[in-house]
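J.: Each chain, letter by letter, is given below.
Protein chains: 2
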Amino acid sequence: MRELTVDLGERSYPIYIGEGLLREAASYFEKCGLSKRSPLLIVTDEHVGPRYLPALEATLRKAGYQTVGITLPSGEGSKSLAVFESVITKALEAGLDRHSAVVALGGGVVGDLAGYVAAAYMRGIRFVQIPTTILAHDSSVGGKVAVNHPLAKNIIGAFHQPEMVLYDLETLQTLPARQVSAGLAEVVKHGLIWDASFVDWIDGNAGKLRSLDPEALGYALHKGCSVKAAVVSQDERENDVRAILNLGHTIGHALEAVAGYGEMLHGEAISIGMVGAARIGVELGAPQEVYEVTKRVLAKCGLPVRLPSHFDTDAVMDAMMHDKKFKEGRMVYIVPTAIGQVEIDKNMSADRVRRMVEQLKEEAEV
Amino acid sequence: MRELTVDLGERSYPIYIGEGLLREAASYFEKCGLSKRSPLLIVTDEHVGPRYLPALEATLRKAGYQTVGITLPSGEGSKSLAVFESVITKALEAGLDRHSAVVALGGGVVGDLAGYVAAAYMRGIRFVQIPTTILAHDSSVGGKVAVNHPLAKNIIGAFHQPEMVLYDLETLQTLPARQVSAGLAEVVKHGLIWDASFVDWIDGNAGKLRSLDPEALGYALHKGCSVKAAVVSQDERENDVRAILNLGHTIGHALEAVAGYGEMLHGEAISIGMVGAARIGVELGAPQEVYEVTKRVLAKCGLPVRLPSHFDTDAVMDAMMHDKKFKEGRMVYIVPTAIGQVEIDKNMSADRVRRMVEQLKEEAEV
Ligand SMILES: NC(=O)c1ccc[n+]([C@@H]2O[C@H](COP(=O)([O-])OP(=O)(O)OC[C@H]3O[C@@H](n4cnc5c(N)ncnc54)[C@H](O)[C@@H]3O)[C@@H](O)[C@H]2O)c1
Ligand SMILES: NC(=O)c1ccc[n+]([C@@H]2O[C@H](COP(=O)([O-])OP(=O)(O)OC[C@H]3O[C@@H](n4cnc5c(N)ncnc54)[C@H](O)[C@@H]3O)[C@@H](O)[C@H]2O)c1
Ligand SMILES: [Zn+2]
Ligand SMILES: [Zn+2]
Chain W
159 MRELTVDLGE RSYPIYIGEG LLREAASYFE KCGLSKRSPL LIVTDEHVGP RYLPALEATL
219 RKAGYQTVGI TLPSGEGSKS LAVFESVITK ALEAGLDRHS AVVALGGGVV GDLAGYVAAA
279 YMRGIRFVQI PTTILAHDSS VGGKVAVNHP LAKNIIGAFH QPEMVLYDLE TLQTLPARQV
339 SAGLAEVVKH GLIWDASFVD WIDGNAGKLR SLDPEALGYA LHKGCSVKAA VVSQDEREND
399 VRAILNLGHT IGHALEAVAG YGEMLHGEAI SIGMVGAARI GVELGAPQEV YEVTKRVLAK
459 CGLPVRLPSH FDTDAVMDAM MHDKKFKEGR MVYIVPTAIG QVEIDKNMSA DRVRRMVEQL
519 KEEAEV
Chain S
159 MRELTVDLGE RSYPIYIGEG LLREAASYFE KCGLSKRSPL LIVTDEHVGP RYLPALEATL
219 RKAGYQTVGI TLPSGEGSKS LAVFESVITK ALEAGLDRHS AVVALGGGVV GDLAGYVAAA
279 YMRGIRFVQI PTTILAHDSS VGGKVAVNHP LAKNIIGAFH QPEMVLYDLE TLQTLPARQV
339 SAGLAEVVKH GLIWDASFVD WIDGNAGKLR SLDPEALGYA LHKGCSVKAA VVSQDEREND
399 VRAILNLGHT IGHALEAVAG YGEMLHGEAI SIGMVGAARI GVELGAPQEV YEVTKRVLAK
459 CGLPVRLPSH FDTDAVMDAM MHDKKFKEGR MVYIVPTAIG QVEIDKNMSA DRVRRMVEQL
519 KEEAEV
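Residue numbers (this note's numbering), protein chains in the order written: chain W, 159 to 524; chain S, 159 to 524.
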C-alpha cells in the first residue's frame, strides 16, 4: 500500500493506493473520522456500480455505516444540472445531514458530479473519492468539481477537497483498453510538466502499464498523484502555477468540442495537444528531444499523436476562442522547455497555434 | 454615509450605507478594484429592475464598465435551479470571464440566487451586493448564498462572500409597507441576540423606521449589519456561534412551510417565532421583561406576535422535524436569557416546543 498527503493546511488529506482497498474501505472511513450516525450517499455509474458497489456497501454496513447508493448512466452526459438535481433529491430523501458524506465510486464523471453535490448540499458536506479509472488519479486529487452547461464544460462548479482518496488498483482491471490509454495520457502529462526521470520510467514501462501490471500501476499512479498534489498544494485555486496542469489541454478541449463530446476521449485529445505543445516548445528553443520523447512515450501508451485530417482547422480555432478567449489574438499557453519542465506563456499568438494545428494533421504515426 | 467592515481576513469587505449611493455606484466599483475589461452581469427582479437598473447601468457604463442585465420574476420561486441555469446561460452568452463580477440588485431572493451564480460560475467569480429591501441587510452580509429544492429551502448553496455591499437607502422608499415590517423583524432579531441598548432604541423609534425616515433607517441598518458582521467574523461557516442568528427561525421556517411559501413572509414567521423563543426563555428563568419587550417591539414594527389559530400544531411540528430533525425528541434551539443575550440550547425537548406552539395561538394581540 502506498500513501501520500495532499498538503493544504487544514484541508489536507491522504491518498491511499493499493490492491484490495475497497474490501477494507470501512477501516479507512473510520480512520478518517466519518460519522456512522449520518447516512452516506454513494454515487456510482452503470459500469462501475454493478461490479463494485455491493462490496463497498457490504464492508461499510458491516462496520455500522448507513449507506444509500445511486447509480447514474455512464458517460459525460451525467455531468449535467439535471442529474445533479436528481442526486440532491436522493440525498434529501435519504436524510443526509451536515455530518454526512458523499462518496464517489467511479471515474472522473462520477467524481466531478458527486463532488459538486457534496460542495453544494447544505453549502458543503464531506466527500470521499474512490476512483476507478486511471484518468481519475488526476480528477480525484485537487478539489475541482463541476458539472457542464450545454454551452461550456465544467462551467458550474466549486473547489471542494475530499476527505481522502481511496484508490483500489484491483478495480482498474476491468477498464476497457481504450480507457486505460486515455488515462495514461494524464500520467504522462504529470511527468512532462514536473519529472523527467518519471517520463523516462514510463518510456521503459509503458507495456506493463497498458497490461495493468499492479506493481507498475501502483508506482505510476503514486507518482502521478504526487505531482498533482505538489502543484495543487502550491496553488489550490489556480491563480498561477496550477495552470501548468493544462499542458495539452487548450488544443485538447477544442478537439473534444469539435469532435462532439464523447467521440474523442479526453486523454486522446490532450495526447494530440501535448504533441502540439512539444512542437511549439521546440520552435521556441527547447531541445528537439522534447518533441521526440513526448511523441514516443504517448504512442507507447497507445495514444494518438496525429490529428485526423478530417478535423477542420477553423472549427478547432473557433472552439479555442470560445473556451479561453484570445484577447487580441493572444492567449495563455503551456509550453515545454525541457522534458519535465514547462513554462506559462501568457502571450502566445493565435497564428502560431493555428500553424501547429495544421502541422498536427501531418504528424507521422509512430 | 456610514461604513463598516466585515472582518474575515483576506475575504474582508466593506458595507456602505447611505442615500444616493446607486447613482455613484461606479466610484465604489472602482475603489473595489472591479475590472472594466470583463463584463458585469447585473441580476435583478421585476419590481426592482424597472425602477433602479437604468440608473445603475448608466453610472457604470459612463465610467467604462460593460454591463449586461437580467430581470427575473419577483418572489421566492426564482430561487430555483431552473432560474439558476438561465442566469448561467446569460453569463455565458455575455462572455463573463474569471475577472467578471455578478451584481445583485434586489432583495434577498436576488441576492441569494445571484450569489450562488457567482459562487458556481467558473468555480467562483466576484460578487457585489446592492440590497434594496430592509430584510436584505441580513441576507447581503455573511456570504450565505443558495437556491431551493422542491423538498427543502436553501439546500443547494455555498459560502461566497461579496466584494462589497452597497446599500442605498433611497431604494427602500418604494418598498411596500408589509415588506418594511418583515425586514424590521431581522433588525429586531439582531438587537435581541446582541445589543440591549439597540432594542431599547428600536422601542423608541419603530414609528420612524416604519415611515422610512432616512436617518433612523441608516442608523438601524448600520447597527443591524454590525451585529451580523460581528457574528459572521467569529464563525463564518456556522460551526458554533453563528447559530444564534437563528433566533426565532426554527419555528419561523416551520410556519413558512406550513403556510405555503410566500403566504407568510419570512419576517412575519420569525416574529412569531421570536415571541415563542422569548416565552421559552422566561420559562427557563429569563426575566419576564424578555417576553414583554420582545413582543412589544415586534408589534410596534407592525409584525404579528400571535399564531393564527388555523395553524395545525402537528403540521408545524412535522415541518420542524423535517427541517432540523429532532434526534430522540431533542433539538438545537436558540433561547433568550436577557434582552440582548441568547444561548444555544442543544437539548431542547420537542414537548416544550409543542406546548409553546399551542400557547402562541393564545397570545393576546398588542
Ligand atoms: N476534476 C478534475 O480535476 C478533472 C481532471 C481531469 C478530468 N476531469 C473530468 O473527468 C472526466 C473524465 O473522467 P474518466 O475518464 O474517468 O471518465 P468516466 O468517469 O466517464 O469513465 C470512463 C468510462 O469507464 C467506465 N468505468 C469507470 N471505471 C471503470 C472500471 N473500473 N471498470 C470498467 N469500466 C469503468 C465508466 O463507466 C465510463 O464509461 C471528464 O468529465 C473530465 O472533465 C476532471
Ligand atoms: N443569505 C442569507 O443569509 C439570508 C438571510 C435571510 C434571508 N435570506 C433569504 O432572503 C429572501 C427574502 O429576502 P427579501 O425579503 O428581501 O425578499 P425579496 O427579494 O423577494 O423581496 C421582497 C419583495 O420586495 C420587492 N422589492 C425588493 N426591493 C424593492 C424595492 N426597493 N422597492 C419595491 N419593491 C421591492 C421584491 O420584488 C419582492 O417582491 C429569502 O429567500 C430568504 O431565504 C437569506
Ligand atoms: Zn485533463
Ligand atoms: Zn432570517
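Mixed in with the good hints, there may be bad ones.
[As the list claims (entries may be wrong)] Here are some of the chain S residues that sit facing chain W, going by a computed Cβ distance under 7 angstroms:
no. : residue
1   : L239
2   : E243
3   : I246
4   : R281
5   : G315
6   : F317
7   : T471
8   : M475
9   : A477
[What the hints assert, rightly or not] To list a few chain S residues with every Cβ distance to chain W over 12 angstroms, as calculated:
no. : residue
10  : R181
11  : P208
12  : A216
13  : T229
14  : A304
15  : Q331
16  : P334
17  : N397
18  : A417
19  : V440
[Unchecked claim] So, partial list: chain S residues that the calculated Cβ filter (under 10 angstroms) puts toward chain W:
no. : residue
20  : G222
21  : V226
22  : T247
23  : A249
24  : A457
To be clear, the hints were calculated from the coordinates, so they are not data collected in a lab.
Here a beta-carbon is modelled for each residue, glycine too, at the ideal position from N, C-alpha and C.
J.: Using the nearest Cβ pair, does T471(S) come within less than 7 angstroms of chain W?
T.: violated, 23 angstroms
J.: Is the shortest C-beta separation between M475(S) and chain W less than 7 angstroms?
T.: Given a least distance of 17 angstroms, the restraint on M475(S) is violated.
J.: Taking the shortest Cβ-to-Cβ distance between R181(S) and chain W, state whether it exceeds 12 angstroms.
T.: holds, 32 angstroms
J.: Go through the hint on R281(S) and say holds or violated, using the shortest Cβ distance to chain W against 7 angstroms.
T.: holds, 5 angstroms
J.: Compute the least Cβ-Cβ separation between A216(S) and chain W, then decide whether it is above 12 angstroms.
T.: Fine: 27 angstroms to the nearest Cβ keeps A216(S) off the interface.
J.: The hint names E243(S) as touching chain W; please verify it with the least Cβ-Cβ distance against 7 angstroms.
T.: Because about 5 angstroms separates E243(S) from the closest Cβ in chain W, which is inside the 7 angstroms limit, the hint holds.
J.: Does the claim that N397(S) lies outside the interface with chain W hold up, using a Cβ gap greater than 12 angstroms?
T.: N397(S) not clear of chain W: closest Cβ-Cβ about 10 angstroms, inside 12 angstroms.
J.: Would the stated hint for L239(S) survive a check requiring a Cβ distance to chain W of less than 7 angstroms?
T.: Because about 5 angstroms separates L239(S) from the closest Cβ in chain W, which is inside the 7 angstroms limit, the hint holds.
J.: Taking the least C-beta to C-beta distance, is V226(S) closer than 10 angstroms to chain W?
T.: violated, 15 angstroms
J.: Checking the smallest CB distance to chain W, is P208(S) really beyond 12 angstroms?
T.: holds, 28 angstroms
J.: Given T247(S) as an interface hint, is its Cβ closer than 10 angstroms to any Cβ of chain W?
T.: holds, 7 angstroms
J.: Run the C-beta distances from A304(S) to all of chain W and say if the shortest one exceeds 12 angstroms.
T.: For A304(S), whose nearest Cβ neighbour in chain W is about 7 angstroms away, the distance does not exceed 12 angstroms, so it is violated.
The structure does not agree with the numbered hints 7, 8, 9, 14, 17, 20, 21, 24 stated previously, though it agrees with the rest.
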